[in-house]
Amino acid sequence: MQELRKRAGELLADGTVARVLAWRAGDLPYNPEPAFFETEAELEHLVYDGFCGANLSKLMIEASKLEGKTLVCLKPCDTYSFNQLVKEHRVDREKAYIIGVGCRGKLDIEKIRRQGIRGIEAVEGAELDGPEELTIRTFSGEKKCAYRDAMLERCHVCKGKEHMAYDELLGESRDTKDAERFAEVEAIERMPAKERFAYFQKELSKCIRCNACRNACPACSCRKCVFDSTKFDSEQKANVDSFEEKMFHIIRAFHVAGRCTDCGECSRVCPQGIPLHLFNRKFIKDINTFYGEYQAGTGSDEKAPLTNYTLEDAEPSVVRERG
Amino acid sequence: MTKAEKQAEEIREISGSDPWKCMKCGKCSASCPSYDEMDIKPHQFVSYILQDNVEALAQSRSLWKCLSCFACVERCPRDVQPGRLVDAARQLVVRQRGQDYLKADEIPELLDPELPQQLLVSAFRRYRR
Amino acid sequence: MSIANESFRPKIVAFCCNWCSYAGADLAGSSRLSYPADVKIIRVPCSCRVNPMFILRAFERGADGVILCGCHPGDCHYTTGNYYTRRRMTLLFSMLDFLGVENGRTRVEWVSAAEGVKFSATMNEFVETIRALGPNVRLGDLRCRS
Amino acid sequence: MYKIEKQNLTALFRKIAEGRDLYLPVESAGQVNFAAWDEEAKVSLDTTKTVKSPKDAFFPQSETLYTCKKEGKKLEVTQEALREKGFVVFGMKACDVRGVEVLDRVFLSEPVDSYYQARREHGVLVALACKEPEESCFCTAFGIDAANPVGADAEKPAGDHTMNQTGADVAVWDIADWLYWKPLTEKGEALTESVRGLLTEAGEEEVLAEQSRIRAVLKRLPYADLSLEGWGGDATKEKFDSPLWETLYRPCLGCGTCTFVCPTCQCYDIKDYRTKDGIQRYRCWDSCMYSDFTLMSAGNNRTTQLQRFRQRFMHKLVYYPANNDGLFSCTGCGRCVEKCPSSLNIVKVIKAFAKEGGARNE
Amino acid sequence: MQRIGVFVCHCGSNIAATVDVKKVVELVRMEPGVVWAEDYPYMCSEAGQSRIAEAIRTQKLTGVVVCSCSPRMHEATFRKCAERSGLNPYMVEIANIREHCSWIHKNTEEATEKAVILARAAIAKVNLNTPLQAGESRVTKRALVIGGGIAGIQTALDIADAGYEVDIVEKTPSIGGRMSQLDKTFPTLDCSACILTPKMVEASANEKITLYTYSEVEKVSGFVGDFTVDIRKKARSVDMSKCTGCGVCQEKCPSRKTPNEFNRGLNTRSAIYTPFAQAIPNVPVIDREHCIKFQTGKCGVCAKVCQAGAIDYEQKDEIITRKYGAIVVATGFDMIKLDKYGEYAYEQSPDVITSLELERIMNAAGPTKGHLERMSDHRPPKNIVFIQCVGSRCADERGKSYCSKICCMYTAKHAMLIRDKYPDVNVTVFYIDVRTPGKNFDEFYRRAVEEYHVNYIKGQVGKVTPQPDGTLLVHGVDLLDNHQVKIEADMVVLAAAIEPNPDVRKIATMLTASIDTNNFLTEAHPKLRPVESPTAGIFLSGVCQGPKDIPETVSQAGAAAVKVIGLLAKDKLLTNPCTAKADVLACNGCSACANVCPYGAISYEDQEVRAPGVREIRRVAVVNSALCQGCGACTVACPSGAMDLQGFSNRQMIAEVDAICR
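Residue numbers (this note's numbering), protein chains in the order written: chain X, 1 to 323; chain G, 1001 to 1129; chain V, 2001 to 2146; chain U, 3001 to 3362; chain P, 4001 to 4662.
No lab work stands behind these hints, which were simulated from the structure alone. C-beta atoms are modelled at their ideal positions from N, C-alpha and C, and glycine is treated no differently. There may be inaccurate statements among the hints.
[Claimed, not checked] Computed spacing ranges between beta-carbons, pair by pair:
#, chain 1, residue 1, chain 2, residue 2, range
1, X, G299, P, V4614, 29 to 37 Å
2, G, L1050, P, K4080, 46 to 54 Å
3, U, S3109, X, S140, 40 to 48 Å
4, P, E4038, U, R3281, 29 to 37 Å
5, U, S3297, P, P4032, 15 to 23 Å
[Unchecked claim] From the derived model, a few chain P residues whose C-beta atoms are all more than 12 Å from chain X:
#, residue
6, V4224
7, A4277
8, M4335
9, Y4456
10, D4549
11, R4619
[Claimed, not checked] Computed, partial: chain X to chain V, Cβ under 8 Å:
#, residue
12, L11
13, I188
14, K194
15, A253
16, A257
17, K282
18, P305
19, Y309
20, L311
21, D313
22, P316
23, R320
Please model the entire structure based on the sequences and the hints provided.
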């Protein structure tokens, strides 16, 4: 963290960058917020630890419009989103100076609370080079929690330690993957249709249409979402306990299909804890099965699966035939 | 539906063949090894059924002269397959006489995997009289 | 098919490509090849014009089945439209299936302008399938029920 | 004061639900929200903060206002029936009760919102003291006593039930194996009467002890000292023009999470839904964070996220108090603190301004 | 709010018999926007159209819905009618209540209900229609003919005659096609080469015509008036500008074992070859697969003997890219493969041949120099049996369902020619039906029977069995005499079915021209537009569209040419105004739309975007409406819905869906 502050300060000082996009320490141990720093003095509030889960690449859309370069701190998985945004001409690579920051998995405060740890006053061990165990000071005394057990779902199926884009790297990453990426999707696929329906009905009935998933998603970067647009006759804010919500989530997933890097922000930000990544991951799995392995945001020039085709593609009836 | 119509319908049903597809090319008769012994020739068989004249077929010698070699079935360009019609007419007659000699559960033992099954069935029906 | 479903008249939306299946439906019409009146056709310039939103909208509004007909792959009037359709619909249908929606309710068929017989047969079969599935309760919006 | 053994709670809920609807914190798919009680419901009274506030009970996220039906050229308009069935909201927290008070001032002042009014008239508020305040709580900053969830009547003389128009109808405390029950209003008395058979008389001692335990916890919360100095109805110009907003809003994604989990946000949009044979006019929560909020034919009156972001906090901390005798439109429930995807929240805003003004919030 | 008029057509009794049109009128009156509704027996008639025109004027209609036959039939009629009455033609929509309703439903109640729903959908759409203006696109005054047979040659000659440039692309080394393989033609019995060769020479000499022989169409893009075509000119290995056509190379070529395609494999040819003596261009090609030089690197005899120094082993395939206004497909036909007809012993005995092989045998330039002889032992045959309908009119997958049309006539021709030249030879023809519609056709067939005593037997052949003595035992049947016939023949000639050239599938795909289940190209209308493909700017000539004989092919070739000339004579074409359009306010500039556009019609510009509170310069999509063909692929690729298709807009489509699901 010190190193990062120092390096950011240097780059600010020598005029390489006009500002720094990173995280500012919060007022609680677990709530740092994405922030822009424009002076070296401000950098003392810069923080980088396990709670810096927010994917900053989407903020680069606006930052690309500003004068001068922006130093942006990207975790390995954020760089996929960044590349995808560059590919879609939303972010200007020339306007970014990327410090690829190391990552050992990001933390989910809900997972800590779920272990019965409440009244959190301080968390130790969340830093990048911290121990394998978190020490948490609460109103009712000190509690311990394995770092791994407090990790976001997405980190358990991590795409890897490699940064797909960077100008320089800072900090060591650790392997966090300990689960199969598609295991959850497969488990649902194995359920009978009726159960699948009941499962999603229950999950989605929690949706409050707050649009956090959409607005946090780096792929959902439309200036005007179709669900806000009066031109599509589809604008909708009501949370009705019927198909409406599903339509929103299906279409949202469809619109990002082939563009979604599986960064997991949607699930991270959902206030109701809906496993929204399942929608995207189902599409990714299908794309991989039907059209060959594809990972959005690797930086390749490959055409996205939905703007591409082969003469021998699977027919839609494959869905019916597989039962 | 008259009785004759019903019988013709039954034959069509048993045979699964569609006599209306016939274009009267005669390839069946040209292919038939028993042609000379038949009073009603294979291609005529088709038109008899079209005219619901099953009675004449039932009385005919041809019914028992057909070898079920299926040359006509194989070669028919219109997929009418007169051999199946002959076979079906024969079955109809046999049924009417109550001469179902073979019981269904006897058949498996009689099957030789080398032989076409239909040939086997029709041959038994004919010769075990 | 159960007897209970016999009185059920499904609502079926068929999106038909102007260059092939719409003409195929015309041919079915001029050949008097009947199919149930439950099928209503919407003309689109190409199957690739059909946005998944249209399909979901139809279900939301009470459709019991949606079928999308386009040119045979390789024969698209616009060269490549139906290839995109094929991918889009494969993924969409797979997602609907994933969400537990009966996968028989959606279908894509390639029907050329010369295939009036196929058009009629396809529609007959699709209506049968939907009748067997019964009314669409999983996707409809309650507000649209009368 | 009454009490009931907690193992008999299901009997209590069953009794309350007789002829009424009962809403209380229920866990579904891993999250606790206020929902209708039934025998299968997984009631969770231990949850300090439900994801959404219970304001839904009075101001639902979406509700139909009226329906137009068309037959031929004839139009038929049917107003949605007003709430007539009684209901009980069980387990609201002190902050939630204050939330209702904030809403009352909006919806019950002229012109009165009849849909809301009907719900308020038929609803009974059973408020639960916070057994376990959390680090994100800051209700004390607004003079709310989480240990004594009675609402506006906290300062009124004991026993004066008639006056309690805006507070809770019954206050309850969850202490060890017992639930202590104290009716506060006529409505509360009536409810108590209907479940009287399940309650036993109790003394106040345990409750008083519990209250002081809770107050002790409240004192050591990280936000216990949060000061609202400088905020209020008079601060309009100074706060509006502050350059601080420029940096504060930056991480805001413009989602509506904070407004939708908030117990006091009361903005709604009215929309038409085309049904089979007509139109359903409904209203649903809207969020000032949205780019299409108050969109008019001439465009929006707030076009940047900065303006929208500022609006939300100005409304909560300046405009609302200006019109409501200094009452803030924030209850310190801390839901936004926990749920904001970018970890932004009203506390950070208050602190930022305090730091600017050199106040003691650092 | 629109003012919509709804016009319900009875179509005589076509609609009115099953749809209660009065009730439709009554019910659509209730629909939003509808201010006028009426019915009439024939809306498309002049009287019907004038009622529409009248209502547009008196009722100040802003939109029109016609409930009638398919829009493919009369949409243009009613749009023109609206335009004449001062209404934008794109404010007219058709509800197809004939093909999609009255003709397929029997129950009046159901049909009426459906008709009302279809009308509602059209009304809902018109409510959201906006006036559209057709744009213009230019016409490249040059045509491409694919295939250099008689159909292609004739089309090209006719187009060139009108003064337009035309290119012929021919796959083989020479133009001429199937007709050049024929010996004589029916019913006049004149020499095929004698009438074809002058045409070939004319085509090659015509300065408006460019021949690309030994070439194939590789890629087609663009649209009517403005196609861009890549033509692959395969390496001939002979420099066309130097070759004198002396033929020495072919004589000296040591590789002589390649089956001669032109003679249907009945003999062999050299590796460097011209397919036939009158070939145009008279320049040989090296068949690299069979050339010793290319296979082993050693040889080079042809280069040594060529005095002109025309041999060029280094020659490479060349891609020529050209623009065309129109494309004519004239890819012709081939005989079907007979491998599935084991009963005719075609693959067992060299003396069982197809009719086209017989043409080559009878031809003086053929493998036997025109002597009728058996290919097995070169003895003259005494008995020849012709078998008709081999693979034609076949219901199973072995053959084709259609009648090949030309076999009856050419078999009569063959029978007659043989009997004329070799009166001792017995000729028997097994036929199912003899089909001879055509001028002087039946007379021709009767001459074969009456004058030349050809033995026609009604009945099909069951089997042909090669005998040890080299004869062929033909088992047939005489259906009229009702007895089986056995003939010991020396030669059996099969009238094999013809099928479209297998390459046509690939070409149709490139041209986006539709094709039927038999691989024949589909015409725009089977009766009224027989030489046009449904794809604008693509025309059909010859057997690629359906079986036909030479005079029919030539007349269709002329007809296709006229259509091409009609197109090329225009300077501008009106373009379809139903094109995509981007809403710059919602456009992200992400390129998804451009990635799926088959016409490259979408580009990106940095534009100043202004809206209340927004003023910035950013990258947005711009649609070139002259290039856009209106498929709509981009509208779905666009996640924000910024891209919309005029005439089929998102809101219109949704309105239709809603109306149907109501």
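Evaluated hints:
{"no.": "1", "hint": "G299/X x V4614/P: 29 to 37 Å", "result": "31 Å, holds"}
{"no.": "2", "hint": "L1050/G x K4080/P: 46 to 54 Å", "result": "51 Å, holds"}
{"no.": "3", "hint": "S3109/U x S140/X: 40 to 48 Å", "result": "44 Å, holds"}
{"no.": "4", "hint": "E4038/P x R3281/U: 29 to 37 Å", "result": "35 Å, holds"}
{"no.": "5", "hint": "S3297/U x P4032/P: 15 to 23 Å", "result": "21 Å, holds"}
{"no.": "6", "hint": "V4224", "result": "25 Å, holds"}
{"no.": "7", "hint": "A4277", "result": "42 Å, holds"}
{"no.": "8", "hint": "M4335", "result": "29 Å, holds"}
{"no.": "9", "hint": "Y4456", "result": "49 Å, holds"}
{"no.": "10", "hint": "D4549", "result": "36 Å, holds"}
{"no.": "11", "hint": "R4619", "result": "6 Å, violated"}
{"no.": "12", "hint": "L11", "result": "43 Å, violated"}
{"no.": "13", "hint": "I188", "result": "7 Å, holds"}
{"no.": "14", "hint": "K194", "result": "6 Å, holds"}
{"no.": "15", "hint": "A253", "result": "7 Å, holds"}
{"no.": "16", "hint": "A257", "result": "6 Å, holds"}
{"no.": "17", "hint": "K282", "result": "5 Å, holds"}
{"no.": "18", "hint": "P305", "result": "7 Å, holds"}
{"no.": "19", "hint": "Y309", "result": "4 Å, holds"}
{"no.": "20", "hint": "L311", "result": "7 Å, holds"}
{"no.": "21", "hint": "D313", "result": "5 Å, holds"}
{"no.": "22", "hint": "P316", "result": "4 Å, holds"}
{"no.": "23", "hint": "R320", "result": "5 Å, holds"}
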